[in-house]
Amino acid sequence: GAVVSQHPSWVICKSGTSVKIECRSLDFQATTMFWYRQFPKQSLMLMATSNEGSKATYEQGVEKDKFLINHASLTLSTLTVTSAHPEDSSFYICSVGPDTQYFGPGTRLTVL
Amino acid sequence: AQRVTQPEKLLSVFKGAPVELKCNYSYSGSPELFWYVQYSRQRLQLLLRHISRESIKGFTADLNKGETSFHLKKPFAQEEDSAMYYCALSGGGADGLTFGKGTHLIIQP
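Respectively, the protein sequence lines represent chains H and Y.
Using our numbering, the first residue of the first sequence is number 1, and each one after it goes up by one.
Using our numbering, the first residue of the second sequence is number 1, and each one after it goes up by one.
Think of the hints as simulated: they come from the structure by calculation, not from any bench.
Just so it is clear, CB atoms sit at the ideal spot from N, CA and C, and this is done for glycine as well.
Be a bit skeptical, because a hint or two may be false.
Residues on chain Y that point at chain H, a partial pick, calculated with CB under 8 Å [claimed, not checked]: (1) Lys15; (2) Pro18; (3) Leu44; (4) Leu46; (5) Tyr86; (6) Gly91; (7) Ala94; (8) Gly100.
Whole structure, please, built from the sequences with the hints as guidance.
The following block contains the structure:
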């Protein structure tokens, strides 16, 4: 399957700042990437679908102005959490697709 | 709305015993069903995809459209099978995945 990396693996930031998370497909040209969120001891929830060269599609209830997604190339998608607050603290995981999805290792965001 | 239900949060069985992790789904149409596994401190890995109908690490899963189920089975559990197992559903193509809440499988020696 595809090899997916994420950077950083862990980030701590102050409330009100913005944080950018990168998702890279290392050996596969990904026309579609997905972003999920996982709260402690809970399952993954799809946030948005990112298509190369076009706007992301967000799931209901996910604020597109808060979670900015850019998929500028076939190997890179970024998620920027703008004006982060403590309730945004979570584990953010990306995957590459379409069809069978291969997952990155995740990024733990802690907002103080 | 599509939904995936994994009724068991935790399942503990002894080594060598059969294992069945339950998964039921709700979807209007023909879904694609998956099982993903997450070993301790590792990323999610694809275990099975229903359309490939293959057996991975001794696990199998059959899609039962009548019962809307996709249970995961293994005849003889091994200690290295201890992990978190997630059942997931997709509408196909570029659809994202809807996950169940997961079942923590513990294989006791």
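Hint by hint, which ones does this structure get wrong, listed from lowest number up?
1, 2 and 6
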